[in-house]
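Since the structure of chain A is provided, determine the placement of chain B on it from the hints.
Each protein sequence line maps, in turn, to chains A and B. Just so we're aligned, residue 1 is where the first sequence starts under the working numbering, counting upward by one. Just so we're aligned, residue 1 is where the second sequence starts under the working numbering, counting upward by one.
Be aware that a few hints might be false.
[Said to hold, decoys possible] Cut-off 27 Å, straight-line C-alpha distance, at most; resulting in silico cross-link-like pairs (DSS-like, lysine-lysine):
hint: 1; chain 1: A; residue 1: LYS58; chain 2: A; residue 2: LYS83
hint: 2; chain 1: B; residue 1: LYS213; chain 2: B; residue 2: LYS404
hint: 3; chain 1: B; residue 1: LYS309; chain 2: B; residue 2: LYS271
hint: 4; chain 1: B; residue 1: LYS439; chain 2: A; residue 2: LYS84
hint: 5; chain 1: B; residue 1: LYS439; chain 2: B; residue 2: LYS181
hint: 6; chain 1: B; residue 1: LYS516; chain 2: B; residue 2: LYS493
hint: 7; chain 1: B; residue 1: LYS136; chain 2: B; residue 2: LYS516
hint: 8; chain 1: A; residue 1: LYS58; chain 2: B; residue 2: LYS122
hint: 9; chain 1: A; residue 1: LYS83; chain 2: B; residue 2: LYS350
hint: 10; chain 1: B; residue 1: LYS136; chain 2: B; residue 2: LYS122
hint: 11; chain 1: A; residue 1: LYS83; chain 2: B; residue 2: LYS303
hint: 12; chain 1: B; residue 1: LYS303; chain 2: A; residue 2: LYS84
hint: 13; chain 1: B; residue 1: LYS181; chain 2: B; residue 2: LYS136
hint: 14; chain 1: B; residue 1: LYS531; chain 2: B; residue 2: LYS493
hint: 15; chain 1: B; residue 1: LYS181; chain 2: B; residue 2: LYS262
hint: 16; chain 1: B; residue 1: LYS151; chain 2: B; residue 2: LYS521
hint: 17; chain 1: A; residue 1: LYS58; chain 2: B; residue 2: LYS303
hint: 18; chain 1: B; residue 1: LYS350; chain 2: B; residue 2: LYS303
hint: 19; chain 1: B; residue 1: LYS38; chain 2: B; residue 2: LYS552
hint: 20; chain 1: B; residue 1: LYS531; chain 2: B; residue 2: LYS38
hint: 21; chain 1: B; residue 1: LYS439; chain 2: B; residue 2: LYS38
hint: 22; chain 1: A; residue 1: LYS83; chain 2: B; residue 2: LYS122
hint: 23; chain 1: B; residue 1: LYS309; chain 2: A; residue 2: LYS83
hint: 24; chain 1: B; residue 1: LYS309; chain 2: B; residue 2: LYS262
hint: 25; chain 1: B; residue 1: LYS531; chain 2: B; residue 2: LYS552
hint: 26; chain 1: B; residue 1: LYS350; chain 2: A; residue 2: LYS84
hint: 27; chain 1: B; residue 1: LYS516; chain 2: B; residue 2: LYS151
Note that these hints are calculated values from the structure, not bench results.
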Amino acid sequence: MTYFLKRFAHMVFVLWAVATILFFMFRTMPGTPLAAFIDNTTTAEQQDALIRQFGLDKSLGEQYWLFLTNALQGDLGQSFFFKKPVVEVVMEVFPNSVILTLTSLIVAYLFGIVAGAYLAWRRGSWVEGFGIPLVLTTRAAPEFWLGMVLLAFFSFYLGWFPSGGANSSGSEWTSDWQRVTSLDYMSHLALPAITLAIYLQGLPLLLMRSNMLNVLQEEFITMARMKGLSTWTIVIRHAARNALLPVATAFALGIGGAVGGNVVVETVFSWPGIGRLLVNAVAASDYPLAQGAFLMITAVLVIMNFIADVSYHFLDPRVRFATR
Amino acid sequence: MLMNSKRLLKVAFTVAATSTLLAGSLPVAAESGDAIRKLTLISRAQAANPQQFQAAELIAQAWRKLGLDIEVQGMPRPQQSDAVWYNRDTWDLTMWQMAGRPERSDPDELIYNLFHSTTVEKGYNFVGYVNPEYDKIAEQQRVTANRDDRKVLIDQLQDIINEDQVYAFLVHPLQTFAFDKTVWDASTTVVQPGLGIKNFWTFSNIAPLGEQKDMILNSSDELKAINPFYISGATDSWITELIWDRMMRIGPTGLAEPWAAKSVEWADDAKSVTVTLRDGMMWHDGAPVTTDDVVFSFTAPVKFAPMYKPFVEGIANIEVLDAATVRFDLTEPNAAFETSTLAKLNLVPKHVWEPRLIALGEGESAESIREDTRIGSGPFKFNRWVTQQEVVLDTNKDHWAAPKMDRWILRIVLNVEATLGMLRTAELNFLSDYTGDPKLLIEAADSDGDLDVVESVDIGFQYLAFNLRRPPFDDAAFRRSLSAAINRELIRKAAYNGFAVTANSVVSPALSFWHKAGIEKELPTGMDLAKTILSDAGYVVEDGKLHYPAGKTEQFNE
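The shape of chain B in the complex, shown without the other chains:
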């Protein structure tokens, strides 16, 4: 009631002031609009993601100095997803992250899906960013086959995102992995930009030095599925890419390279690509890999694998040219086709999967199928999965790129602190999932002497998302000011213990070709600057509380 009468008075005063101005009398000092409501910053709970929660606390502290009333609210992931993803109109601010994955080595997946207006309602663009100019360039880069020309467009898009500060990017974390260098030959590991040494190439190349030929790695995820048509979480993708081959793979350079394909040749108009299969490829059950299997692998997802469907939708037709060659005709030129489709879809045996897919009931998809034996053609064969304990893969000695290890054993270890001890007692010999303090790991490696620690910048990033549907976040100046008030260096050092690099782009510096060099410096920061931006945009602090510019009332759909 009190608020209402205050607001009424203010409106009356503004009207009066405007009319006196119109009447040509003395100018009045800048007036303010409504006070900005209390804002809630959602984060993962402190116990689940201490770095993120601490970053949120640091940000809230800085913003309070601008006159904002900020509350940090920690919650479990499903609840956070529920609040942000399913109720897009109701949240204000949230901490969020994008994970690094091999297929994100091409900037398209993030740059298009995160900010294109078609994904506002249900898709990736949960912040509600709509910019026709951005849409146009994002579409254009997809059909630009020349890499250098496309790079110019990708740079422009990074500039627009920086200008609009759609997100407040925080950091790209450093990933830390370690292995026992008395067991594995350190020179045979492969670093993949953005993914570190835990990647397909290391697993297929690494050479044992002595008797121990089993690689024992760890994951802290309770595994849910191992399915060529479905990725349920971070860990299963490490496994599926070892069992099932792909036509191409994202190579150590970050670009797609032919894999199961002997050659990949594009037509001049970039609308069709001819792919020739390697000779003598075999499924793990002994059957040969045929072009029928290839066609099946790229057509089945349309109806049966919702998760992979978006990646085959651009295919208009697949033509079998001879026993080893197929031609993909695309609906329009697609620069990211190699990365987002040829290097993403698993080659799946038709004779195993077709009968299963036909037998599916209404509303079911390939995701609901759980195999006992898993048949791929990849360098590793599925041996077994013991719930909550381990996944064992045997090497496929008949593969053209047969790994040098004997078995690949993934242990489910929930206790992060214990993984360090396990690495030192040789219960693990490759630390593939470590979310603890990297300093502890480095200290342990120093005192042990047998361990090699490898750090690398992540493709993924940590950020703070504004809900652009709700004022005051619909105002780019407001977002820019808030972003300028964030001390990223402090977050990097305090929350991430120095194991991160500061970020201001959706394209990680790990992807050196696509990342716009120096974009971090194009966002000047500081509290004074933040305040200047706010006052220039008409925001006013009254009694320590930040108010909207004159005439702006807080109105939006709850």
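Chain A with its partners taken away, still in its complex shape:
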């Protein structure tokens, strides 16, 4: 129990530290948030009004205190740009980011685990000689390039998939749920998700492969062979299960990392997501929105980390015993 409490306190501390760093980082950045607002007609009084409106006339300490107390109550402030609550702005696109990330991660990890295990088993064969360079190449290919190639081929040449946005233009939906479960949404999701999956599959694949190579040299595998178990049973039931743990951690962390890191894919496919929102907010010095979006990404990352740690506790007896 104390382990969970400690772990939980640790998580809260990290969130606080990140929030604090974010707060001061944005305020020490060069440039004023007003720069994004000036049209050529903005007058001095208007600028002063803007400063008051944004609360920038208060002292830094005061601003920080307001920010923390409000954040605790789930109020991340008002976006300078969109003129509405940050939480509302972020939540409009957050589901899209989560769906894109989860879909591509699941595809990438399923493929990576199976292919990684297979490549380890076929070590030294022509399959490995061909497979590893291919994986490394796709892993190294820039996302935007990959995205453009897929767009040009599957969308513009074959016409199989739409090329931008999350829904067809002008389409009407009764609910968000209906929208994201529609065929229309999935066909829009296909290309960005595949692009991201191709980009992401390298890590689980290589991780799985190297873990497998270690596991396959263990004595219990030799034992299994001696027992006359089938190849399938040895690879899947015995070796893969043991090689999977680090991959599971990578998956959990991958969710947090990828939720905010999809800006390239989001831009290429005009996918509405949190990465685009974040880039815009930073470029425009929209402090509340940038802070809010970063904070939410951090929260996802930290919570996923927490879940990974806790699940380890259950999945792997070695961790459980070590903490005693």
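What follows is chain B alone, placed relative to chain A:
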């Protein structure tokens, strides 16, 4: 230290030379002042605006041949604004642009605000140009109601700007738009000078040919607001002018025409104008448009809409004469009133907006209000705005000028390269925002066969701004020489791929009435000429470095 002693020596030498001259001995060869410091030319980053950055590089190359040390520095827009707009004393040179907008069809907005001395400190005149003669004529053209008389003054102002080379004008880009001619009847598009086919008149006139009656267009801007009292960027103005009517609109000729007004009649002294509202106008919520709404629309901005305030400040009083007529009394005659006020302000329903404005807190304005439903009286009704994705407008079938399309759908597409493909796969049928290479677009149209590409000269322009507060840019001869050294034809061809016309005026040739014909030719150019102008003004090249004329030291407030 070394610089200082060199400078001391030079000063000593100059003093000695002058005294010997005074003493009547032999004349000495022209002496030089300080070497001109290293100059930084600010531009948008290469990735964000490749044309501008390349133009900056070409200019820097030419100027280095004059003996200047020039560094081109690319930066994002907010940072550039910060460096140039907010720290007016500290920059030297910057690439800049003025965008074309319907209300800039009248030359007043640019010609007055950009160069009048009242806007030096905080306003448009960020280069710090102060010329009392210019001020006087710029004020005079505002109160000259006769168009031909006013044209003479506008020509004079263009001449002064050319003479002083306040800016080094570069080009007016050509705007390229395209649409699917199997979806839309090409003969129903309307070209507006300076704006091309992407304009209010096309949207309200264009006729569908077949089943597809939704217009699907694109913007690469992440939209920030749709607010009748606030324009946050280029794209929202396309939307607001469709939802909200105006008393007048800038017509396809570039002049203001009555729109929501049945008639607009000026008094003889040009100090008051009587406007009669059309019969039977309705807000999108079914309420009638009244003269109260008109008065509200032109008075609310004074207190609540900072962006629109400058355009209603010239109104002394608004008098309701009867159920459909109001009279605007102006503080002084204003030739640009129709364009800058009657055709600019949105008509806003009082019953919707007044309660909101009253509820505003201290320091807040109408800009901070975000509506869920947007009620105007225009030819299109607001349907929805999905963040980062699309804006959908329905046509207002009850409008007196009801559009022929069914819906107007603006898609946010960040990937410029993808827009061409989308146009060909019919995911778009009107390309309204294309910043890529126009050649690619024309090639795509040729191979597709269904696309019509329309080009037109922009009202806006690209230019290089000198900071006139800082030497050597306080010297008109120096600016003239630098401007003469710029090869605009090369910039037009290399940086803009030929899709631009060279510029030497703040008034675009697209505005054929106001543009001073042939002013491009009144700026002779060439490297030799540039060097001659410099040496005539006393600038000297020493060891390959350009120096100020004799006796001039580099002193200014940092």
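Outcome of the hint check:
A C-alpha spacing of about 19 Å is found between LYS58 (chain A) and LYS83 (chain A), which places the hinted pair at or below 27 Å, so the restraint holds. For a cut-off of 27 Å, the pair hint linking LYS213 (chain B) to LYS404 (chain B) stands: about 8 Å separates their Cα positions. The straight-line distance between the Cα atoms of LYS309 (chain B) and LYS271 (chain B) is roughly 19 Å, inside the 27 Å bound, and the hint therefore holds. Proximity of LYS439 (chain B) to LYS84 (chain A) is assessed by CA-CA distance (about 41 Å); at most 27 Å being required, the pair is judged violated.
Restraint check: the Cα-Cα separation between LYS439 (chain B) and LYS181 (chain B) comes to about 19 Å, which is no more than 27 Å; the hinted pair holds. Restraint check: the Cα-Cα separation between LYS516 (chain B) and LYS493 (chain B) comes to about 24 Å, which is no more than 27 Å; the hinted pair holds. About 19 Å separates the Cα atoms of LYS136 (chain B) and LYS516 (chain B), which keeps this hinted pair within 27 Å; it holds. Proximity of LYS58 (chain A) to LYS122 (chain B) is assessed by CA-CA distance (about 23 Å); at most 27 Å being required, the pair is judged to hold.
The straight-line distance between the Cα atoms of LYS83 (chain A) and LYS350 (chain B) is roughly 22 Å, inside the 27 Å bound, and the hint therefore holds. For a cut-off of 27 Å, the pair hint linking LYS136 (chain B) to LYS122 (chain B) stands: about 20 Å separates their Cα positions. Between LYS83 (chain A) and LYS303 (chain B) the CA atoms are separated by roughly 19 Å; this keeps the pair inside 27 Å, and the hint holds. For the hint linking LYS303 (chain B) to LYS84 (chain A), the alpha-carbon distance of about 22 Å falls within 27 Å, and the restraint holds.
A hinted pair counts as satisfied when its Cα atoms are at most 27 Å apart, and LYS181 (chain B) with LYS136 (chain B) does not qualify at roughly 50 Å. Straight-line distance between C-alpha atoms of LYS531 (chain B) and LYS493 (chain B) comes to about 24 Å, which keeps the hinted pair within the 27 Å bound. Of the supplied pair hints, the one linking LYS181 (chain B) and LYS262 (chain B) is violated, its CA atoms being roughly 34 Å apart against a limit of 27 Å. For the proposed pair LYS151 (chain B) and LYS521 (chain B), the alpha carbon gap of about 19 Å is at most 27 Å, so the pair holds.
Restraint check for LYS58 (chain A) and LYS303 (chain B): satisfied, since their Cα atoms lie roughly 24 Å apart, inside the 27 Å limit. About 15 Å separates the Cα atoms of LYS350 (chain B) and LYS303 (chain B), which keeps this hinted pair within 27 Å; it holds. For the proposed pair LYS38 (chain B) and LYS552 (chain B), the alpha carbon gap of about 16 Å is at most 27 Å, so the pair holds. Between the alpha carbons of LYS531 (chain B) and LYS38 (chain B) the distance comes to roughly 19 Å, so the proposed pair stays at or under 27 Å and holds.
Taking the CA atoms of LYS439 (chain B) and LYS38 (chain B), the gap is about 37 Å. The hint is violated against a cut of 27 Å. For the suggested pair LYS83 (chain A) and LYS122 (chain B), the alpha carbons sit about 25 Å apart, so the restraint of at most 27 Å is met. This hinted pair checks out: LYS309 (chain B) and LYS83 (chain A) have alpha carbons roughly 20 Å apart, not beyond 27 Å. Annotation: proposed proximity of LYS309 (chain B) to LYS262 (chain B) holds, straight-line Cα distance about 25 Å (limit 27 Å).
For the hint linking LYS531 (chain B) to LYS552 (chain B), the alpha-carbon distance of about 19 Å falls within 27 Å, and the restraint holds. Between LYS350 (chain B) and LYS84 (chain A) the alpha-carbon distance is near 23 Å, which keeps this suggested pair within the 27 Å criterion. Distance check on the hinted pair: LYS516 (chain B) and LYS151 (chain B) sit about 9 Å apart at the alpha-carbon level, within 27 Å; holds.
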